[in-house]
Structure formats: C-alpha cells, structure tokens
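Peer 1: Chains as they are written, first to last, in the working numbering: chain R, 61 to 677; chain P, 58 to 230; chain C, 10 to 404; chain W, 2 to 138; chain L, 0 to 309.
Simulated from the structure, these hints should not be mistaken for laboratory data.
Be aware that one or more of the hints could be misleading.
[As the list claims (entries may be wrong)] Covered stretches of chain R, as calculated for chain L (at least 3 residues, CB under 8 Å):
| no. | segment |
| --- | --- |
| 1 | 114-121 |
| 2 | 458-470 |
| 3 | 482-494 |
[Stated by the list, open to error] Think about it this way: if two alpha-carbon atoms lie no more than 30 Å apart in a straight line, the pair counts; the simulated DSS-like pairs of lysine-lysine are:
| no. | chain 1 | residue 1 | chain 2 | residue 2 |
| --- | --- | --- | --- | --- |
| 4 | C | K212 | P | K65 |
| 5 | W | K93 | P | K197 |
| 6 | C | K137 | L | K31 |
| 7 | R | K355 | C | K13 |
| 8 | W | K123 | W | K10 |
| 9 | W | K123 | L | K31 |
| 10 | C | K44 | P | K175 |
| 11 | W | K123 | W | K11 |
| 12 | C | K274 | P | K83 |
| 13 | P | K175 | C | K205 |
| 14 | P | K139 | P | K74 |
| 15 | L | K31 | C | K185 |
| 16 | R | K415 | C | K274 |
| 17 | P | K64 | C | K13 |
A virtual CB, placed ideally from N, CA and C, is assigned to each residue, including glycine.
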Amino acid sequence: MHELLYPIIVPAIAGIIPIFIPRKGKMVAGIISLAAVAWVFVRALSLFGLWELAYNVRLFTIAGIYPIDFSLRLYHFSAFILLFIMFFGLLIILYSLGFLRGKDTSSTYYTFILWTLSASAGAVLTDNLLVLLVFWEILTLLLYFLVNMGGEGHEKAAAKCFTILGFSDAAMLLGVLLIWLNYGTLSMSQLSIATGDTMGVIAFVALFIGAIAKAGAMPLHSWVPAIAVPTHPPVMAFLPAALDKLLGIYLLARLVLDIFIIQTGSALSLMMMTVGAATIIFAVMMALVQHNLKKLLSFHAVSQVGYMILGVGSGIPIAIIGGLFHMLNNAIYKGGLFLAAGAVEKRVGTTELDKLGGLAGLMPITFVTTLIAALSISGVPPFNGFVSKWLVYQGMLEGNYMIFLVAAIFGSALTLASFVKVIHSLFLGRKPDGLKDIKEVDFSMQFPMILLALLCILFGVMARLPLERFILPIVGGGAVMTANGVVETTQGLWNPGLATILIIIGIIVGLVIYALSRARTTRTDENIWIGGNIMDSEEIRIPGTHFYKTVTDDLNPVFTGAFRDGEKGAMDGYNIIGGLGGALVKVLRAMHDGILSTYLSWVVIGLGVLAFILMFH
Amino acid sequence: MEREEVKKRIAEKFGNKVQIAESSPKRVYIYAENDIWVDLASFLFNDLDARFDTGASVDDRDGVEVMFFMPFDREHYYVTIKTFAKKPNPTLPSISNVIIGAKWIEREIFEMYEVTFKGHPDLRPLLRADNRPEDFYPAKRETKETHEMPRSRDDGQERADEVAGKPPKGKNP
Amino acid sequence: MVKKIPIGPFHPILEEPEFFELHVDGENVTEIDMKIGWSHRGIELLSEHKTWDQVPFLVERVCGICSCSHPFAYVKAVEDLLGIEVPLRAQYIRLIAAELERLHSHLLWTGLAGHFIGYNTVFMWAWKYREPVLDILEAVTGNRNHYAVMRVGGVRRDLPQDEIQGIFPILDQLWKNNELLTGAIVDDPVIHARTKGVGVLGKAMCREYGALGPTARAGGYDVDARRDHPIDAYDKVDFDVILCENGDVFDKAVVRQLENFESIKIIRQCLEQMEPGEICAEVHEIPPGEGLGIYEAPRGEVLHYVRSDGGNMPMRHKIRAPSFNNILTNEYSVRGSTIADAGLITAAVDPCYSCTERVGVIDRGIDDRYILSEGDLIRLSQEKTEEIRKRFAKE
Amino acid sequence: MSLTLKALKKSPWIFHVNTGACNNCDIEILDCLTPRFDVERFGAVLVGSIRHADVLLISGPVTKICLPRLKRLYEQAPKPIKVIAIGACGCKCGIFRDGYNIVGPMDKYIPVDAYILGCPPKPETIISGIVKVLSTL
Amino acid sequence: MLDPIYIVYYLIFPGFLFTAVAGLLTTWVDRKVSARVQWRVGPPWFQPFADMIKLLGKEVIVPVGARRTGFLLWPVVGLAAATLASMILWLSNLWPGTSFVGDTIVVIYIMTIPAISMILGASASSNPLGIVGASREMKLLFAYELPLVIAVLTTIYKVGSFSFQAVLAHQAQEGVMLGSVSGVIAFIVAIFCTQAKLNLLPFDIPEAETELAGGSHIEYSGAALAVVKLNMAIMFFVMPVFLITVFWGGIAFTGWHILTSILKYVAIVVILVLIKNTNPRVRIDQAVRFFWGPMFILSVAAMVLAVLGY
C-alpha cells in the first residue's frame, strides 16, 4: 500500500473497532484509538521529512474526457498540516480518556474522532478539488455526529452547524463545478486561475466561502458559538479550535497561493482583509460580554480567524507567514483553552462564569496552562501569539493598510480584556461557597494541557524554530529573508529569548526586594478590607460577568442596541440567510431519519467501497 | 393656608375626634384619636398642602405620645399633630404609606419606645447595634426605671467605682 | 446577577462611620441599603440628665459642623417655651455665628465634594478659603469649632466693638474668593459631566421625603426656615433664598455656593446694624410646657422639641437634624446610578451622620435621675478642688 | 535605629477612623492636609485603605456597634502601627461617657500610643501629636 | 543569544536602578508641583524614597481568600515588564543600533503588562472593591489603547517602520513629529492616553481613593505595596520617555542635547501633572466614551492628515 494512504486508511479502519465495544469498555476503545493515532503520528513525522510524494488513481472519467483522479500529493505544506492534525488527534484522544470517564457517552465517540482524522488527512493530502469536497462533506457530517453526542440542546446546535457548513459546501461545489467547466481540470497543482474575469472571481468567492465557513469567520461563524455549549470540550478543542482552523486556513492559503492568482491590493484581497478585520473586532466584542466560558472561547475561536484571513488575504509575504503561523499558534493555545474549559467542566460541572471562581489554588495546573494560553492569545510577549500577530502587523504596515492594522491591534487589546475576565472569573476572584472539594484533573487530561502550554512558550521564545521548519518553506523563503523580513525578528534587541530571560531576572529582582523586606514572613488576615465590615461571602463575590457591563449597558444607545442585536444573532449569517437555510434544513431533515445506525451503515458501506477501490486498483 | 381656615376645615372634617390648641400664633397643636390618625396626617399633607417635617414621641406613664410636625411655611406657623398610644403594647397605624419620609421616624420610635406601627413596610430598628438584644427599648420609661438595661461593657467594676463617686442624687419632681 | 458592594463604615469618602450596601449589576446600582447607627451616642436621652444650661454644650457636640445650629435651635425651643424675647445685640451675635458657620460648612462641603470626585485642587482651595471664616469665628466666639456661644436668653460672649471693623476686609476677600470658586465650579466642563443629571431629586420627591435645606432647594422645593419661620434677627436682615430646578448634584453645589454670598451679606448687615447693649436676658426658671425651636442650619432645618416638667432638666428633648430627612432621599436618588456616582450622590446631601444618630438614653446603672441645686454645684466644685489639692500634696 | 524605622518617621501615612465622634475632630484632621497646615511637608498623607496605614488616628467614644469593627480594624492594620486617640471623646469618652451605647474609651480594646486632647484639638495639636509619637520610635 | 552586557543594562543602566530612581524622582516632581498648584509646600525631595524604604519595613498581609503566591507575584511581574520597557526605550534612544524592527509594538504591549498584573493582583485579592477597581482598569485599558495606538501609528505611518531607530532617524532628518499638524494632534491624544495609562486624574478611576479606597491595590501592604508603587513610579517615568521618542525627537545624551532632553521630559511631566490637578475624576463610562468618541475621532483625523501629508 502506498505510503500516503496510511494516514487516511489506518484511522478509518481503526475507527470501526470502537463501534463494537460497549459503553463500559470505552476506555479500551480509547486506548486502541490512541495506539492507532500514535502510529499514524509517527508515520506523519517520517512523512514530514519527505519533500514531495504523490499518488494517483484514476477513479473514473466523465464523458470520456474529464478524468476524475483520486490523487494525493504530499509536499511541505500538507505534510506540516498533516503532522499537526495527527498531533492534535493524539492529544485529544489522550484527553478524552480522562474526560469521558464516568460520562454516559458511547464508544462510537472514538470512531467519529478517528474518522474525522482520516477525512482530514484525506482533505489535506488530496490534490483534487472534487475529492477534497467529498472529504470536506464527510467532515461536516462527522462534526454533526460529534455535536450530537453532547449535552442538552445538542440537536438544535447540530442542525445549525450542519446547515451552515452544508450551505458552504454547496457553495464550494459551485466553485468546483465552475472551475471544472472553465479550466477542465480539478488538480490543484495544475491550476493557476487569474482572478481578472467574472468566472474566476465567482469561483474564488465560492471556494472562499467554503474555507472561511470551515474556519469559522464572519458572517459564517455562527455555528461555532452555537455548538460551543452542548458539545464536549475536547470536541471543541479538536474541531473548531484546532482542526477546522488548520483545514480552513490551509484551503484558503492554497487558494491564495496556488490555485488562484491574487494581486496584492486587488479588490478580492481587500474583500478578504475586510472580512478578516471585521471578524476580529465583532467577534471579540461579542466574546467580551459572554457569560459562558465555552461560548466565550468559541467567539475567540472566531475572532482569531480574522488575523489569519487578514494575513493570508493580504497577499503580502510577511503577512501570509504571520497568518499561517497564527493558524498554528491558534490551534495550540485555543486547543489548550478548550481543554482547560473541559477540565473545569469535568471537575465543577459547569462553565457558567457566574458560578465559578477561586479555582487557582484548587486546580493549579489548569490555572497556569490557561494563563499561558490566555496571554498567548492576547498577543502578550514573549508568548507565541505575539510573534504571529506582530508579523501580521508588520505586513499591514508594509501594505499601508492602516485601518486593518488598527483593527488588528485593537482586537488584540479586547482579547486581552476578555481573557482577564476569564482568568478572574475562573481562577482568581472569590471562591463560591459551593466549590469545596475540587481536585486537579487526572494526568491524562493534564498532559495535553501542559504540552500545549509548553508549545506556547517554545514557539514564542524560539519563534525561529517553527517559522523556519514549518512556515517559511511554504511561502518560499527567498522573498522574505530580505529587507523587512522574518529573519530580522530574531535580530536586534527584541530577542524573545533575551526578553524572557530579562523578565525572569526582573522577577528575581522583585523577589530580592521581598527577601530584603519584612515580606519574608507574611501574615494571613482573616478578613478582607471592606471598611471594617464583614459581609456574606457570596454577596460580595463579584463575578467576571460584571466586568464589562459598562461597555454594553451604559455607553450609548447605538452601542447597547448593537450588543443586544448581536446577542439575538443579527450579525449571524445563519439568520441572514434564514430563508435559504430554513429550506435547506427541510431538505436535509427529509434525508435524515435520525437513526444513528442508518447513517453509520451508509458511511461504513461508503468507506468500504472506497477502501476496496483504492486497495485493489 | 391661613391658620384659622386650617383649624376650621379640620374641625369640620373630624369633628370631636380632634382637639385644637394654640400656645402662640406660630404653634398650633392638634390632639387626635388613634383611629383618625392616618386620615388626619393625609388630610394635612395632601389636601391642605402642609409640609411634612418630622415626628417625635414622649413617654408618659400610661402610654407613648407620638407627634408629627406639619408646618405651613408661607403662613409662618407650625401645626403639631399628636396622638396617644396606650400601654401596654402601644400600637398605632403607620403613616409611612401616606408620607414616605415618615419611614425612618417610625422605625426610630419603634426602636426607642416599642410603638408598633401597623402597616409599616419595613419596621426594623434603625440604629440598633448588632449585638443588642431584640426586646431592648432604651427610651421606654419602664426600661429606664427598672434598670433592666443589659450592660455589655466589660469594665463593670471600673465604671461602678466611677459611679460611686458621682454627685449626690435628687428626686425628679 | 446582583452583587453587593460595601461602602463603609470606615471609608475615605465618609468622614463619619456609615455603611451603604450598594446592590450592583455591573457598575449600576440597583438598590441601596443604608445602615446607620454607627455614631449613635444617645444624646437625646443624655440631655435629659443635663441641666437646661448644660444642654447647649451637649447639643453642640451632636455634630461638629453644626455646632452652632443645634444650640441655636435648642435655645429657641426653650425660649419658645418661655415666650421671652432676646436682647437685640444677642440676636445679631447669634446670627453672625450662625451665618459664619453656614459659610464654613458650605465651603467645607464644596471642598469635600471636590475631594470625592478626585478634584483635590478644589478641595485645597475651598479649605484654604475656609480658614479665614474660622479665624473670624475664633475672633467672635473664642473657638475655632464648638463655639459655645448660645445660652438660653442670649449669648455667652460679647463681640468687642473694636474688632468689628477688622472683620469687613476679610468678608470682602471671602466674597472675591467665593466668586472665584463658584466660577471654577460652574464653568468646568468636567464637573458638569460628572454632576449634571446625577442623583436627581425632583420637587415632588423632595416633598414626599420631606427633604430640607440645599438638598430641597436644589430641586426647586422652596423651604427655608430663615424666611418661613424667622427667629431672632432674621426678619431684620435682607437676603435671598437660592433656588434651583433640577435637583441634581450640580444644582446642590450651586445652591450652596450662592448661599455663601447671602451669608456674607447677612453677616455684613448684622455687623452694620449692631448696637451696643445687653447680650443676655434674665432666665430664672423653666415652667412646665413644650417648645419648638426651628433653625435653618447649613444642611437644612434643624428642629428641637423640648418638654419641661418644671424641673431643672428637660423631660424630653427631641432633636431632628436635617440629615435625618435628607439621607433617606438617597434610597430614591441613588437608584439607577453607577458606583462612582453613588458615593457622590450620598455625599451631595451633605449628610451628617452624627446629627442623625443622636437619640438614646442614659445608663448610669444605679439611679439615673438627679437634680442639682445651686448649693450642690458649689459643693461639687469645692470637693473637686479638694481632690486636686490632695493629689498634688501626695506628689 | 534601623533604616526602615527612620524612614517611617519621614513618611507616616495616616488612616483615620471615626468611632462615633461628632466629626469635628475628623474635620480638623482633614484640615491638617490643607494649605494652611499641609502635613505633606512631613510626608504624611491620608490613605484610603487600612493596609497602607502607618498611623491610625481614631476619634470618637466608641459606640457599641463600632467596637467589633474597631478591633478588627486594628488587626487588619500592618504592623508596626501607631494608634493615636484624637479628641476628648477618643481619650476618655468626653461628654458622652454616660451614653448607654458608648463602650469606650478605645484604649480598653486596642493599645493606644498617644492621646491628643481637646474638643476638638486644633490642627497644630494634631500635627505636634503625630510628630511626638513618631519621635518615640 | 544572551549577551551578559544586557543583564548589566537591565539591572543598572538604563534598567532597574536608574529607572527606579528616576521614576521615584518623577513622582516627587508630581507631588511637589501638585502641592504648589494647591498652595501647599509639598514633600521634600527624598519623600518617595522614604516611602519606599518605610514600606519595606512594614508587615505584609495576605487576606484570606487570596492566593499568596499569585497575590505577591503579580506586582513583581509588572515591575519586571515596566523595567524591560524602560530599558528597550532607553537603549534605542542612546544606542540606536540596538533597535529592532518591531519595537514600538513590543513596547506598547510590554507597557500593558504592569496594568494587567495590577488587575490580576487585585483579582487575586478577592476584595470586591479591588475587583471593581480591576474591572475599571481593564475597561480603561482597552478604552485608551485604541486612540493611543492610532496616535502612535501616525508616526509609524510617516516613518514606515515600527523600529525606534527608524523613528528617531526620520525625526532627526525631517524634523520632529510635533512639527507637523498631524503630529501635534496625535501628541495631544497621546497625552490624554498617557494620563489614563498612568492612572492620573481625571482618569484615576481604578484607584479612586474616595470611591474604592485605593481600588486595585486596596489589599496590598508593606513590601508588596512598595513594589506596586515602584511600578507606578517607573511607568510614570517610562511613558513620557515613550512620548518623547515617538513624537519629540527622542532623548540624547550628547552635548547640549542633555539639556533639551531633560527639558522635554520635565515639560511633559509638568503637563501631565497640571492636567491632573485641574480636573475632577470622571466616571468610567464617561472615560470610555471620551476615548472612543472625541479622542478616537481626533486620532483618526491625525492619521488622515498624516496620510494626506500634513
């Protein structure tokens, strides 16, 4: 069997096993899945060393002239994405082992995770747009199943998610058809479409919709917040936070870099950047006022996509590098944040910010990892988010896109604000009376969080490493190494490593000050200082949800109105295209009878056929 | 409204349930029975347009005299309405539903003299320390005369010594 | 979700212990829960154990800022009971002390209000301008605070005729300073932003709550005991009652600032109209009866009600300070504001908690009722001298 | 004398507590800050939180309701702390000594380092009192 | 990757020691000028140092419910970051070669860390007043960040680079930013933002002595309070230098530049102190409205003028 088929087939086959394992044995299913994915991950590592690898099977030929190939192509970009898909898969399965213990979830959870990995690998490796579309659709379906395994309210969320992604897949289908009709080939490596004519633009926009819907940018973002609350946090960490970003932005980058020719400063480029900047600001504004941790994080998952689209869409090399690096960084810290949310949910049983507080002492590992991830996502140096954001800023400056630059920097400040709220409501602040016997989560859940936090630091302090290994080869180093390029980020005074060391020295200086003073021995006071009074602890516990009420309530009527509409979903593409969406839902509803085994049998049969064809062709 | 007219209208409305007296052209005293107490206050405040000022209470031996001051500013005189809540368990209807400003005054009188105001929205003691006993009404004559006031001071002896050296006592006429 | 923010009892915005529980939603105050009683010393009932002449010293200490208003209202209550008239010179001296106190109190409030909104420059300037007022008070009464000038029937201390001329230039300077300060407050856009439309207490609500003094007059509720129930020489001097319309914090500040000018006017008239003469009427015995004393203190109308049973101590002495009515209005005017404003609004009524919480009884443990004859007093004084002599002899 | 104590003499931060006084003492304390007296010359400032305080200026005869708060307040203050009783009521309950709601004077409950008498003490007296307390360090 | 000389830079000059001393002296200037405006004498010059040393000798109290480590560590993190910001600024000013392409952005980001650490410290203290202060600090932060960034970007736009070296070189060649209309407008905006960043009146809303009794640092005592105050002092020193660098040609210690540099610095500090002393505190919603309204429009106007070439 060809080397490139393993990442697709092994998870797919391994995924069949958990179906036959009863609920009680889901730990076994998990371990089997873990083993399978670990094996694939090692495979992907070895594949990463290879620069070019291709595999081609002619599936059939339409009308005798138009061949449809099942062609796979591994080159640097896809190898890098594949590697990280498997990496996240590994972490998520490991985390799920602990998370699902004691939960009434069937073993097929692992099936869906594995199949998702398989389909993602297929989507990344394929060189044919139609095959990509098929994998894309399978991913949508699997996401639907995964969401449906979640808690209360999952049906509606899953339907919304499926509708939006289904709509975008339809748009993609349109784009693929247009390309096929006009250019006669669907092989990505052979396409190079000028965007001067209407056809090209329409095709691009259609595919763009598919890419950003997957990545979750405005106005097609609303499925992410919708599924955030009912879905299991590891699934959120896996799909909307990590995998979908990798895939969506991968596709977008392929569109911009390979398939289409986008001029810097062209209308299309500006359109993409506007989408990016608007996504940054609006989503983070919504995040600011959320009351549920998972929902808040999901809005950030949307907001961060803005930076990637902004970077990639600008067509400026350094910004593209920034956008792609941000994609990777976002997957790391956003994954970490969702996993932390999962840890909190696992231990406390809720992610409502009002009901949480003071967990820092009870769950120290979760606290520290969340803090690192939060600082990273806010772009605070020396963590990884800063580097990628800064590259995007630099790109914007080069292109003189001041508006977008301001939007990006301001969005970053707002991100910081909303994470201050998160850190306060979850970990600092005052402990609610109910939270007493909270323990840190198991090591299997800690480990992924720790690893992701370490990556946040590593990719920030030694940003050169991931940039040179993963990102620069994609864009083609030459253009960037010059003048204002990346290489300079590690020169001059701002040396993230140096700065880190200096900050550590600064902290030591501070500690020395403490050591020289009476702070060596501190006294614990029974009471806080509130004018000499003692009050009921629960009454004076100010939750983080009170933080930004001024902004939403008092600022001015227009603003308040905008927030109210935002809560109701006025900025929601789902509602905007409500009529179309409603119709689509009806059609889809008609197709689905809601019985899991029906779906499963279809999928299994389909995969079996596929496997048969591939293996014995 | 002129003094004479006020007196006339009150006499018309309440008849022999009120007694009107004057100590000077600037001070009018109206003694009322308990059952027209709220009506009288409301009549003065709402119909005759008197200003609401404040209230006071005096503990006589048989009951607590509660009074409210309702001045007529333009005409430069004070109307004092008085009523008498008989002991034991002095009870009066509350006027704080008619005049919001009377809320705290009634609370204070309740705290000091144990006059229960029926219909008061929130009849809690106003100034009470958190460790003061519930049934302690400091200004009640009984409390003062029977010396049953709880002594929470922890310097009992020192204070007793101080008191021992106090000036000679006389009887209050 | 509503949470509570405690303000007080020992909080820098409150010079006196006071406790507000702000029920907040974000920064918005939905309700205020006021708990008073921190400086409740039981003065009303303490005064039932002081002789008629000692009581002014006690009621002076009801509140440090109103230390002329309470004795004034008290002596007026006793004089109302007695039905006597006070010598003219004493009336003017009383007015001078009272109006100087109003001046110093309003300046003090302006300074504190500046301090509350973080405008320390206003605080410092207002208090700098307040010092000359205290100097005059010291010249007139002998004390910076707690003037001890009132007594039943007149005043304790005459104002030396030769000092009067020295007071006029200080008053002129005060007038100028006050103009400057008023201008600074009325024209500052940031002060406007902070205080206009904040804590509005309209005319109707003023009437419902029985609000008094500048708090009421800022809302257009026209009460001023100096004009409505003139005592002593208030009907002999010419002054205006300052009225505003909106009842917000800004208007409360403006009313106070403008009243300062009226006070200066009154003091000047008093000084000019004053003629040498007696300063105290003879008072021998207080007959049974009841008396009502009303005086317009800086914060509003002070009401003292005394009842005598013919003894040498009041049988009942009811003190109602204006803050008692005004503080209650907070529960209306604070609602719906923000935390930042809540402090300012509660301060804007110029609350005086010491005034509010004076009620109470005496507890002397054994027998708390006694009266002192003149002979007793002499004997007491002699005993005390003996005691001191003995102590010195030991040393 | 250690350096920090020397510094303490140069920078006494004042926290002011009223335990039921008639607030004249409080006004005179505030008066100390104002242009005529200006205690900031000596490094003294009025602070808002007890945690920042070096000198507690306590006035008032201690009402019952204030007593537990006063004790707690003293515990909450960072040591070394100097406590100064201000005014006649602060020192000996003054005219309110016989009030039923008065449990003072405060030196029965917390250690007091200095008494500044007067009703109210003049600002000059208060300043001189603070300075004298600091000179005992 | 780590040149030991940087440790010396960081610890002595122009890092911690120098910045701390200069910052404390700046707070003295602040207090003295404020006192003079208020007709007072004001404290002697060594006052801030006496305060610091005294605080070191005081007890440190950790209230129950606060996390000891976090509570005490946050001010230190802020201190480290503030020092780093100062060092980057000064090194770029004195030895322009040490600049790197992105240091404006880096410094803007690093200068937010002290505020963030203050917020998290207040949050860790679990004091409701402190938490209200923290939330105000955060609201203020993202309120002023928008106009500040735009104001700084007018300079960056003209220069075409984020690097201080380029900013300084550009100003040396073509005149300081304050010489142009857009520069002046941006500078005014930046002054107001600085006022907010330093928690000076009218924007001392997070501390609000009379509302929140010290607000965000209400629970800090002793050495921890000293670090907090030092932090604020250092920021008081850093922000004017940042403004001078970005808008006013930077600081140089050669020849008569020594004098002009010091004069520039003192001028900005005095402007800040005068604004502080002639304004009352505003409400937080007013502050946010002020920065997102007039200041935003002004800064955008400055940007537009800069694009048009004024």
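Peer 1: Determine for every hint whether it applies to the structure shown.
Peer 2: Cross-check of the supplied hints:
Residue count for the segment 114-121 of chain R with a Cβ under 8 Å from a Cβ of chain L: 0. That is fewer than the three needed, and the coverage hint is violated. Taking a C-beta to C-beta cut-off of 8 Å, the segment 458-470 of chain R contributes 6 residues in contact with chain L, enough for the three needed, and the coverage statement holds. Look at the segment 482-494 of chain R against chain L: 6 of its residues bring a Cβ nearer than 8 Å to a Cβ of that chain, three or more, so the hint holds. For the given pair, C:K212 sits about 29 Å from P:K65 by alpha-carbon distance, which is consistent with the 30 Å threshold.
Between the alpha carbons of W:K93 and P:K197 the distance comes to roughly 28 Å, so the proposed pair stays at or under 30 Å and holds. Taken as a hint, the C:K137 and L:K31 pair is honoured in the structure, with Cα atoms around 18 Å apart against an allowance of 30 Å. Taken as a hint, the R:K355 and C:K13 pair is honoured in the structure, with Cα atoms around 27 Å apart against an allowance of 30 Å. Under the criterion of a C-alpha separation no larger than 30 Å, the hint pairing W:K123 with W:K10 is consistent with the structure, at around 22 Å.
The suggested pairing of W:K123 with L:K31 holds, with an alpha-carbon distance near 26 Å, which does not exceed 30 Å. Between C:K44 and P:K175, the direct Cα distance comes to roughly 22 Å. Compliance with the 30 Å bound is thereby established for this hinted pair. Distance hint between W:K123 and W:K11 is fulfilled; the C-alpha atoms sit about 22 Å from each other, no more than 30 Å. At most 30 Å may separate the alpha-carbon atoms for a hinted pair to count; C:K274 and P:K83 meet this at roughly 27 Å.
For the given pair, P:K175 sits about 40 Å from C:K205 by alpha-carbon distance, which is inconsistent with the 30 Å threshold. Simply put, P:K139 and P:K74 have alpha-carbon atoms about 12 Å apart, close enough for the 30 Å limit, and the pair holds. Taking the CA atoms of L:K31 and C:K185, the gap is about 27 Å. The hint holds against a cut of 30 Å. Straight-line distance between C-alpha atoms of R:K415 and C:K274 comes to about 61 Å, which puts the hinted pair past the 30 Å bound.
Only pairs whose Cα atoms come within 30 Å are accepted, and P:K64 paired with C:K13 is rejected, the gap being roughly 49 Å.
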